[in-house]
Amino acid sequence: ETGVTQTPRHLVMGMTNKKSLKCEQHLGHNAMYWYKQSAKKPLELMFVYNFKEQTENNSVPSRFSPECPNSSHLFLHLHTLQPEDSALYLCASSQATGSDEKLFFGSGTQLSVL
Amino acid sequence: QKEVEQDPGPLSVPEGAIVSLNCTYSNSAFQYFMWYRQYSRKGPELLMYTYSSGNKEDGRFTAQVDKSSKYISLFIRDSQPSDSATYLCAMTINAGGTSYGKLTFGQGTILTVHP
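The listed protein sequences derive, respectively, from chains X and F. So the first sequence is numbered by the working numbering: it starts at 1 and just counts up by one. So the second sequence is numbered by the working numbering: it starts at 1 and just counts up by one.
Note that these hints are calculated values from the structure, not bench results. Accuracy of the hints is not assured; some may be wrong.
Unchecked claim - Examples of chain X residues lying across from chain F (beta carbon under 10 Å, computed):
| hint | residue |
| --- | --- |
| 1 | LYS40 |
| 2 | LYS102 |
| 3 | PHE104 |
Backbone N, C-alpha and C fix where the C-beta goes; we use that ideal spot for every residue, glycine too.
The following block holds chain F by itself, in its conformation from the complex:
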């Protein structure tokens, strides 16, 4: 079983739709959760960074963490063609110390928002 499972898609939605991207994980030691966005021929860029269960909102993006279910989500409201990219979930056991930078990534979900 993979440590982090993410549906690779592809996912295609019309402009203005609400998008839901999800990851499940098996290691209950994961504490910090991230979503990265990767445009074609570019490196991943950090979109959302959360710690602990609950919701975090930033503009049209909401990150949700449910540690009891080992499940994280990213919601995109009023999706735009410019949101078309691959979205990667990532997580780590703790910040700093011997685990810094050791992120475990999901496979990535390819999202296309068409006008």
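Only chain X is shown next, with the shape it has when bound in the complex:
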């Protein structure tokens, strides 16, 4: 496996379900991110983790709960979502050394909330 891998690729869930999205990066990076991509809207940053510590929560509702057990893995736990949360959820990683902002994205999880 190379790059950034996300599972599952597609997810359909009801508003009362609990599910988790998984992301794994094989690039040796020290920072990981969750972005949300909705139709006809720009990518929105949700969470930032640097060296496993959350450094950014961009006013995301508490029904989204991130977890970063180590610098290679990132999860997004979902519960009691709303239909407007349907979107493509993208994980990304970077080597935040202070001189480079290049993000590498996974292929995303296409989430549909019924």
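Could you slot chain F onto chain X? The hints should help.
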């Protein structure tokens, strides 16, 4: 006013054409500028990364930054059907520190290059 404005298109051109994609921005603090390409059902991939005003060339792609006008462009020469994708501009205030990873994206321009 959005921080980054990008014409969503769609833009359709014949193979071999020169393509010009543009973004304008309002925050003069942006210092680093990127173009990402996103194929259908894939995540964005970094295409060009620039700092400061001027041009940067990589093969058929040229990124141009004009900070005085708050305007960035991506030119694609000799466009190919394989260039058909959504192109996203992105920018950030500074590299590293507390702003790393905090990219502000444009809406994306859908490009189709037909044979």
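Each hint tested on the structure:
Annotation: interface hint on LYS40 of chain X holds; nearest CB of chain F at approximately 7 Å, less than 10 Å. Below 10 Å, beta-carbon pairs count as interface contacts, and LYS102 of chain X has one with chain F at about 6 Å; its hint therefore holds. Because the smallest distance between the Cβ of PHE104 of chain X and any Cβ of chain F comes to about 7 Å, under 10 Å, the interface hint for this residue holds.
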